[in-house]
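Letter 20 of the sequence shown, counting from 1, is numbered 20 in UniProt numbering, and no numbers are missing.
It is worth saying that the hints were derived from the structure and are not from the lab. What you are looking at is a predicted structure, and each value in this text was computed from that prediction instead of being measured. Please note that the accuracy of each hint is not assured.
[Stated by the list, open to error] Label pairs and their in silico Cβ distance ranges:
| id | residue 1 | residue 2 | range |
| --- | --- | --- | --- |
| 1 | GLN44 | PHE70 | 51 to 59 Å |
| 2 | GLU86 | LEU50 | 50 to 58 Å |
| 3 | GLU23 | PHE61 | 55 to 63 Å |
| 4 | LEU74 | SER42 | 29 to 37 Å |
| 5 | GLY9 | GLN37 | 35 to 43 Å |
| 6 | THR94 | ALA55 | 29 to 37 Å |
| 7 | ALA55 | LYS93 | 37 to 45 Å |
| 8 | ALA11 | ALA51 | 32 to 40 Å |
All residues carry an ideal CB built from backbone N, CA and C; glycine is no exception.
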Amino acid sequence: MQSWRRLAGDAITFAQHQTREHERRLPQLVEQAAITQRSFDSLQSSSEKLARGGARLAETFSALCEGAKFISNLSSRLTSSSKAAEDTAAVLKTPENGVSL
1 MQSWRRLAGD AITFAQHQTR EHERRLPQLV EQAAITQRSF DSLQSSSEKL
51 ARGGARLAET FSALCEGAKF ISNLSSRLTS SSKAAEDTAA VLKTPENGVS
101 L
């Protein structure tokens with residue numbers, strides 16, 4: 001019976017010691033949790049900024065592609081117009097037309 005009492009006393013002493021240790025460490029754990037939360041908030045904010053930047057980049061790229069398509073179209077039209085002008089000039093230069101340039 002004595003050993004059971006001693007064992008129970010040791011268990012209570014150990015539990016009290018663990019409780020005091022946890023109470024002692026609690027402020028440190030709360031501070032670590034706050035630091036972790038701030039880090040998470042900062043990471044989330046950075047992720048949101050990165051997503052917005054990526055969306056703007058996609059819009060800019062799309063606009064550049066549209067501009068390139070427009071320039072390509074314009075170049076094609078200018079080439080066609082230039083070719084038509086050359087053909088017209090060649091026809092006008094023929095002696096049959098009586099026009100000399």
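Cross-check of the supplied hints:
no.	hint	in the structure
1	GLN44 / PHE70: 51 to 59 Å	violated, 39 Å
2	GLU86 / LEU50: 50 to 58 Å	holds, 53 Å
3	GLU23 / PHE61: 55 to 63 Å	holds, 57 Å
4	LEU74 / SER42: 29 to 37 Å	violated, 47 Å
5	GLY9 / GLN37: 35 to 43 Å	holds, 41 Å
6	THR94 / ALA55: 29 to 37 Å	violated, 60 Å
7	ALA55 / LYS93: 37 to 45 Å	violated, 57 Å
8	ALA11 / ALA51: 32 to 40 Å	violated, 54 Å
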